[in-house]
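**Q** So the chains spell out like this:
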Amino acid sequence: MADKCLVEPNLEFIKEVVGLGGDTLKKCFQCATCSVVCPIAPDNKPFPRKEMIAASWGLKDKLVGSMDIWLCHNCGDCTTMCPRGAKPGDVLGAIRSYAISEYAVPKFIGKAVNDPKKLPVLLGLPVVIFLVLGFITGLLDFTPGGDKIVHSNFFSSWLVDMIFVPLAAWAVVVFGIGLKRFVNDMHENAVLEGKTDKKKLEIGGLIRGLFSVIPTILKHSKFSECDENKERATAHLMVFYSFIGLFIVTNIFFVVLYVFQIHGPYSQMNPVKWLANVSGIALIIGSALMIKNRMGKTDQVTSYKDWYLLILVLGLGATGMLTEMTRLAGIAGLSYALYFIHLMFVFHLFIFLPFSKLAHLVYRTVAMAYGEYGNR
Amino acid sequence: MDKKYGVYICTGCGIGDVLDTEGLCGVPKEEGIGVKTHPFLCGKEGVELLKKDIADDGINTLIIAGCSRRVNFDVFNFAGCIVDRVNLREQVVWSHPRSEFPALTEEQKDDGEHFDRLQMLAEDYIKMGMAKVEKIDLPEPSMLETISKRILVIGGGITGISAAIDAAKAGYDVTIVEKEASLGGNAAKIRKQLPNEDPFESLIPPIIEAKIKEAEAYSGIEVKTNSIVARIAGQPGEFTVTLKKPGEATEFDVPYPLPDEMKVDENGKELDVEKLIEVYNEYNKGKKDILTLDPDGELFGAVILAAGWRPDKLEGKAFTHLGFGKLPDVVTNYQFEEIAAKGKITRPSDGNEAKSVVFIQSPGKGDDDSDFDYTGSVTSLVALKQAQYVREDYPEGKAYIFYQHMRTPGLQENFYKSIQQDEGIFLTKGDVISVAKNGDGLIVEADNTLLGEKIQVKADMVVLAAGMVPATVDDPVINLAYRQGPGFRDNAIFNEYADSNFICFPYETQRTGIYAAGCIRRSMTIEESIEDATGAALKAIQCIESVNRGVAVHPRSGDMTFPDFFFQRCTQCKRCTEECPFGALDDDEKGTPKPNPTRCRRCGTCMGACPERIIGFADYNIDSIGSMVKAIGVPSEDDYSEPPLRFLGLVCENDAYPALDIAGMNKLTYSADVRFIPVRCLGSVNVIWIKDALSQGMDGIFLLGCKHGDDYQCHFVKGSELADIRMKKIGEALTSLALEEERVAQFQVAIDEYDKIPEIVNTFVEMVEKLGPNPFKGF
Ligand code: SF4
Ligand code: SF4
Ligand code: SF4
Ligand code: SF4
Numbered sequence: 098m099a100d101k102c103l104v105e106p107n108l109e110f111i112k113e114v115v116g117l118g119g120d121t122l123k124k125c126f127q128c129a130t131c132s133v134v135c136p137i138a139p140d141n142k143p144f145p146r147k148e149m150i151a152a153s154w155g156l157k158d159k160l161v162g163s164m165d166i167w168l169c170h171n172c173g174d175c176t177t178m179c180p181r182g183a184k185p186g187d188v189l190g191a192i193r194s195y196a197i198s199e200y201a202v203p204k205f206i207g208k209a210v211n212d213p214k215k216l217p218v219l220l221g222l223p224v225v226i227f228l229v230l231g232f233i234t235g236l237l238d239f240t241p242g243g244d245k246i247v248h249s250n251f252f253s254s255w256l257v258d259m260i261f262v263p264l265a266a267w268a269v270v271v272f273g274i275g276l277k278r279f280v281n282d283m284h285e286n287a288v289l290e291g292k293t294d295k296k297k298l299e300i301g302g303l304i305r306g307l308f309s310v311i312p313t314i315l316k317h318s319k320f321s322e323c324d325e326n327k328e329r330a331t332a333h334l335m336v337f338y339s340f341i342g343l344f345i346v347t348n349i350f351f352v353v354l355y356v357f358q359i360h361g362p363y364s365q366m367n368p369v370k371w372l373a374n375v376s377g378i379a380l381i382i383g384s385a386l387m388i389k390n391r392m393g394k395t396d397q398v399t400s401y402k403d404w405y406l407l408i409l410v411l412g413l414g415a416t417g418m419l420t421e422m423t424r425l426a427g428i429a430g431l432s433y434a435l436y437f438i439h440l441m442f443v444f445h446l447f448i449f450l451p452f453s454k455l456a457h458l459v460y461r462t463v464a465m466a467y468g469e470y471g472n473r
Numbered sequence: 065m066d067k068k069y070g071v072y073i074c075t076g077c078g079i080g081d082v083l084d085t086e087g088l089c090g091v092p093k094e095e096g097i098g099v100k101t102h103p104f105l106c107g108k109e110g111v112e113l114l115k116k117d118i119a120d121d122g123i124n125t126l127i128i129a130g131c132s133r134r135v136n137f138d139v140f141n142f143a144g145c146i147v148d149r150v151n152l153r154e155q156v157v158w159s160h161p162r163s164e165f166p167a168l169t170e171e172q173k174d175d176g177e178h179f180d181r182l183q184m185l186a187e188d189y190i191k192m193g194m195a196k197v198e199k200i201d202l203p204e205p206s207m208l209e210t211i212s213k214r215i216l217v218i219g220g221g222i223t224g225i226s227a228a229i230d231a232a233k234a235g236y237d238v239t240i241v242e243k244e245a246s247l248g249g250n251a252a253k254i255r256k257q258l259p260n261e262d263p264f265e266s267l268i269p270p271i272i273e274a275k276i277k278e279a280e281a282y283s284g285i286e287v288k289t290n291s292i293v294a295r296i297a298g299q300p301g302e303f304t305v306t307l308k309k310p311g312e313a314t315e316f317d318v319p320y321p322l323p324d325e326m327k328v329d330e331n332g333k334e335l336d337v338e339k340l341i342e343v344y345n346e347y348n349k350g351k352k353d354i355l356t357l358d359p360d361g362e363l364f365g366a367v368i369l370a371a372g373w374r375p376d377k378l379e380g381k382a383f384t385h386l387g388f389g390k391l392p393d394v395v396t397n398y399q400f401e402e403i404a405a406k407g408k409i410t411r412p413s414d415g416n417e418a419k420s421v422v423f424i425q426s427p428g429k430g431d432d433d434s435d436f437d438y439t440g441s442v443t444s445l446v447a448l449k450q451a452q453y454v455r456e457d458y459p460e461g462k463a464y465i466f467y468q469h470m471r472t473p474g475l476q477e478n479f480y481k482s483i484q485q486d487e488g489i490f491l492t493k494g495d496v497i498s499v500a501k502n503g504d505g506l507i508v509e510a511d512n513t514l515l516g517e518k519i520q521v522k523a524d525m526v527v528l529a530a531g532m533v534p535a536t537v538d539d540p541v542i543n544l545a546y547r548q549g550p551g552f553r554d555n556a557i558f559n560e561y562a563d564s565n566f567i568c569f570p571y572e573t574q575r576t577g578i579y580a581a582g583c584i585r586r587s588m589t590i591e592e593s594i595e596d597a598t599g600a601a602l603k604a605i606q607c608i609e610s611v612n613r614g615v616a617v618h619p620r621s622g623d624m625t626f627p628d629f630f631f632q633r634c635t636q637c638k639r640c641t642e643e644c645p646f647g648a649l650d651d652d653e654k655g656t657p658k659p660n661p662t663r664c665r666r667c668g669t670c671m672g673a674c675p676e677r678i679i680g681f682a683d684y685n686i687d688s689i690g691s692m693v694k695a696i697g698v699p700s701e702d703d704y705s706e707p708p709l710r711f712l713g714l715v716c717e718n719d720a721y722p723a724l725d726i727a728g729m730n731k732l733t734y735s736a737d738v739r740f741i742p743v744r745c746l747g748s749v750n751v752i753w754i755k756d757a758l759s760q761g762m763d764g765i766f767l768l769g770c771k772h773g774d775d776y777q778c779h780f781v782k783g784s785e786l787a788d789i790r791m792k793k794i795g796e797a798l799t800s801l802a803l804e805e806e807r808v809a810q811f812q813v814a815i816d817e818y819d820k821i822p823e824i825v826n827t828f829v830e831m832v833e834k835l836g837p838n839p840f841k842g843f
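Residue numbers (the working numbering), protein chains in the order written: chain L, 98 to 473; chain B, 65 to 843.
In short, the hints are calculated from the structure, not lab data. Any given hint could be a false lead.
Stated by the list, open to error - Simulated restraints on C-beta separations:
{"#": "1", "chain 1": "L", "residue 1": "Arg278", "chain 2": "B", "residue 2": "Phe566", "range": "56 to 64 Å"}
{"#": "2", "chain 1": "L", "residue 1": "Ala129", "chain 2": "B", "residue 2": "Asp486", "range": "40 to 48 Å"}
{"#": "3", "chain 1": "L", "residue 1": "Glu109", "chain 2": "B", "residue 2": "Ile268", "range": "29 to 37 Å"}
{"#": "4", "chain 1": "B", "residue 1": "Pro412", "chain 2": "L", "residue 2": "Trp404", "range": "51 to 59 Å"}
{"#": "5", "chain 1": "B", "residue 1": "Ile268", "chain 2": "L", "residue 2": "Val224", "range": "57 to 65 Å"}
{"#": "6", "chain 1": "B", "residue 1": "Gly389", "chain 2": "L", "residue 2": "Ala129", "range": "49 to 57 Å"}
{"#": "7", "chain 1": "B", "residue 1": "Thr384", "chain 2": "L", "residue 2": "Ala129", "range": "47 to 55 Å"}
Each residue gets a CB set at the ideal place from its N, CA and C atoms; glycine is no exception.
I would like the entire structure built from these sequences, with the hints used as guidance.
**A** What follows is the structure, given as structure tokens:
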């Protein structure tokens with residue numbers, strides 16, 4: 098008992114959240130306007146006021162393992178209505194960033210992703226790996242030649258897979274480790290604060306919860322409940338679906354290559370190609386819209402993390418499409434160079450996925466599933 | 065003065081359209097008094113008419129029937145003339161539409177059955193005005209022979225010094241009396257001070273030293289340290305003050321009234337007068353009587369009471385759950401300030417650094433969420449300030465504030481905001497349940513916090529937000545040589561703060577000429593105390609200048625009248641001395657009252673109290689109101705087959721009379737059978753008026769005045785309460801006469817409750833109508 102309710106403010110935590118874009122958190126005077134206006138918060142123990150005071154008291158354990166910080170979709174209604182300018186939406190965003198780096202191991206990677214000073218190293222990493230592995234295996238050919246531009250002649254598909262299949266596995270493992278802790282913490286916190294009626298955590302129930310929230314996620318219905326950042330829903334939806342599209346395309350490529358031994362590039366008439374092209378364009382437009390929205394919102398803090406991610410996503414789409422366009426236009430040198438850069442972006446996406454803000458797609462999904470399961 | 069009367073009836077503002085003006089003119093004509101009407105009496109032409117009559121015909125007593133006396137009083141003000149205003153507008157025509165109170169048709173006139181209620185009302189009011197002016201005189205100011213314009217400031221803290229500076233700036237000589245060896249008071253004992261100017265964000269160094277220097281530069285300010293007041297005798301304009309060293313006993317120490325238990329013998333029987341005097345003299349042995357003036361005393365015109373506060377000691381069981389008194393590291397905010405003023409914050413128990421400090425604003429326990437006694441916004445602000453000390457002293461320090469109320473009024477909100485920004489300061493609302501020992505530190509447990517149901521916090525030190533107890537709790541301080549006692553009377557309703565009305569009259573205490581400022585009035589910050597000091601200094605100056613002109617200070621500012629006593633008939637009953645809310649009367653050893661006109665606020669409570677009816681004012685006395693009552697026509701069955709009942713309403717002119725006027729302005733309607741007479745205060749209502757009215761055949765009488773009780777609104781503190789007691793007594797007398805006691809009542813109304821007037825009046829009228837007419841009617 099004594100330990101459970103002992104509160105010990107963690108000044109470091111406060112400092113970090115402040116650094117992650119939550120610099121307004123101490124302004125809150127607990128009026129609860131935010132919890133009232135939040136379109137998503139449930140009636141029982143609503144957020145984000147309790148998160149605001151917990152944050153200003155530096156109660157890290159109460160926050161990083163809380164499902165509520167993930168239920169928030171950062172719509173910004175609370176930030177607009179807060180009479181003190183405490184920007185609860187942004188503070189929750191900062192806490193989420195903190196939580197991601199808390200659960201993703203090894204932690205130094207998370208730190209590096211959040212540190213602008215480390216950017217050159219991070220950019221150099223894929224280049225070095227590509228070149229070293231390429232030279233050792235000889236799968237990188239700087240003089241591909243031929244009258245048709247075939248990217249795998251330059252950067253062999255074997256090399257691509259040699260690098261990216263382990264990377265994908267890495268992401269899965271890192272997520273797995275993080276999620277295990279996260280789910281346990283989340284349950285413990287929910288029981289302690291009376292946010293669930295479940296005493297014991299059952300994985301089966303959690304998975305059923307996951308299935309029932311999928312339609313909500315696919316429809317983005319939580320987003321459309323918000324007033325303030327409505328236009329964000331479209332952009333987010335585009336990026337979200339394009340990732341799903343590209344995920345499908347990549348898997349088809351993989352299967353077709355290894356099972357049917359058919360090599361790309363595919364004809365523009367192929368429906369898989371259509372999906373790829375549509376997704377690519379949606380990714381560019383969606384991420385560009387996100388950047389535009391961000392720049393328009395002067396009252397919302399945009400941290401380095403946000404920029405890193407936005408540029409990563411935009412770059413991913415842009416280099417992908419440009420590679421294809423230059424290929425069709427027959428500008429060989431440029432096309433190969435763009436392909437190389439494109440692969441750098443993909444590398445970043447894979448290796449840093451569990452450490453970057455993008456990890457929210459996993460944490461939020463699991464938190465929503467838990468919320469559904471635990472009757473939040 | 066030889067009175068030459070003139071009645072002037074204004075027919076404007078709808079009056080002429082509703083009333084039969086000719087009929088009204090008949091009233092004065094019948095008495096042989098000249099009467100004129102005018103369609104716009106307050107206009108230039110109308111006033112010219114009045115001036116011409118005054119100049120040419122020697123008219124000096126004017127009865128002006130038209131609008132309420134509360135408007136155009138400056139227009140109808142003529143030097144050397146008695147003017148009475150008959151309220152035909154607000155209280156007759158505006159509040160009684162013809163649709164409900166129809167005029168008579170030709171056939172109905174004089175048929176012995178029908179009557180015009182409204183016309184009767186207006187005619188009665190004119191008769192009452194005429195009766196009144198016959199009985200009143202122009203007041204003459206009561207002047208003191210000599211007057212002192214010096215101001216005595218009791219207390220040399222921030223408030224007293226500021227008040228002295230303000231008064232000195234205005235050209236008045238001031239003496240500051242300070243009980244300690246040096247000036248400064250509590251303001252000189254702090255490490256830092258709350259912000260006092262824009263942007264109100266950060267703490268500042270204490271300003272008291274600079275204030276003391278500023279005061280020293282004024283030659284008009286005299287400082288007496290190591291001194292307290294032994295007695296203040298006399299009255300505003302000529303207070304005779306005896307000072308002494310603290311703890312010293314002098315023959316001019318003020319005598320104290322006998323405590324109740326000494327007024328009875330061992331069997332509980334009241335002592336007779338001689339025995340009482342004997343006991344009293346024994347009790348106050350060695351002290352001169354209050355009426356003996358100290359020949360060496362210094363004269364002052366007015367007093368500013370700035371005696372300030374002492375820290376609450378938090379004695380008793382109520383705080384054991386907080387470990388206070390048991391755990392040495394649980395201290396009050398005052399003790400914490402003392403530690404902070406000395407240097408780094410360390411624990412009293414072992415002198416170790418206190419890096420984690422919990423500030424508790426409310427004692428908690430049970431459902432009671434109130435703060436400690438004698439606290440206020442200043443204690444909230446002090447907690448914020450002291451939390452900042454912890455952070456100043458230790459970069460890794462943590463300060464927690466548990467509050468039920470966080471009060472940061474005005475621009476101090478900026479200070480609150482800036483403190484909140486500090487990463488190491490944590491605030492939450494919550495009930496503190498306990499403070500206990502935890503290893504070599506402390507652990508604080510709280511419930512219902514914003515962070516969750518129950519939480520615990522480890523602390524090196526705990527600080528309780530104890531209150532600022534006004535000096536008047538321990539001691540009368542002012543030591544007035546007044547028969548009613550040396551301090552403020554029945555002050556418990558103000559928790560012993562020096563006050564007389566929480567809302568309406570700041571600075572004004574229950575004693576005229578004594579103006580309170582600073583923490584003696586309520587807990588205040590230094591900034592607030594400085595502002596308060598200005599207010600009290602201005603009041604003291606107003607008092608001196610009013611005394612200088614022989615007029616009242618407050619609330620009847622400028623009133624020249626004062627109570628006159630016809631002593632030959634005084635029975636020494638002492639009622640006036642005891643009931644005067646302001647202790648203005650001192651009786652001598654025989655019990656004959658000694659008036660002190662400049663202490664008096666002209667409320668008339670003494671006049672209401674006197675059973676011999678020998679107290680009165682030039683323009684307001686037993687006879688003037690009594691004659692108005694007698695002037696009211698009481699129709700009987702001889703006049704009409706079913707005569708209307710007749711009611712008298714005695715209304716307080718401070719709140720109730722304006723409420724009546726406002727009801728009229730809003731066209732609210734009530735019975736036309738009630739005749740209203742404004743009185744200075746319900747306390748001035750003498751029961752003889754009620755007896756007269758009843759014996760005259762009136763059917764019901766009610767008093768309409770301010771709220772009384774703990775949250776009273778009476779302008780004269782006790783007037784409406786005393787009236788209530790008297791009315792209850794009169795009820796008993798009525799029963800003995802076989803008259804229903806319900807016929808006499810008292811109602812409370814605030815100035816903004818004008819919308820309740822119709823209901824109050826009509827319910828009473830209907831109730832009496834059910835009782836039937838006064839059985840003594842016609843006798
Ligand atoms: S609206 Fe702002 S000040 Fe109010 S509780 Fe929410 S964050 Fe705090
Ligand atoms: S940002 Fe939107 S969803 Fe998140 S707490 Fe605020 S109002 Fe709720
Ligand atoms: S009762 Fe009122 S009028 Fe009479 S002496 Fe006291 S203050 Fe003056
Ligand atoms: S109340 Fe009247 S009779 Fe009694 S002491 Fe006062 S003046 Fe004399």
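**Q** None of the hints should be skipped; say for each whether it holds.
**A** We went through each hint and held it up to the structure:
1. Range check, Arg278 (chain L) to Phe566 (chain B): Cβ separation about 59 Å, and the 56 to 64 Å hint holds.
2. In this structure the supplied range 40 to 48 Å is violated for Ala129 (chain L) paired with Asp486 (chain B), their Cβ-Cβ distance being about 22 Å.
3. The hinted range of 29 to 37 Å is satisfied by Glu109 (chain L) and Ile268 (chain B), whose Cβ atoms lie roughly 32 Å apart.
4. At about 53 Å, the beta-carbon gap between Pro412 (chain B) and Trp404 (chain L) stays in the expected band of 51 to 59 Å.
5. In this structure the hint that Ile268 (chain B) and Val224 (chain L) lie 57 to 65 Å apart at CB holds, the actual value being about 58 Å.
6. Between Gly389 (chain B) and Ala129 (chain L) the C-beta distance comes to about 37 Å, which lies outside the given range of 49 to 57 Å.
7. A C-beta distance of roughly 34 Å is found between Thr384 (chain B) and Ala129 (chain L), which places it outside the suggested range of 47 to 55 Å.
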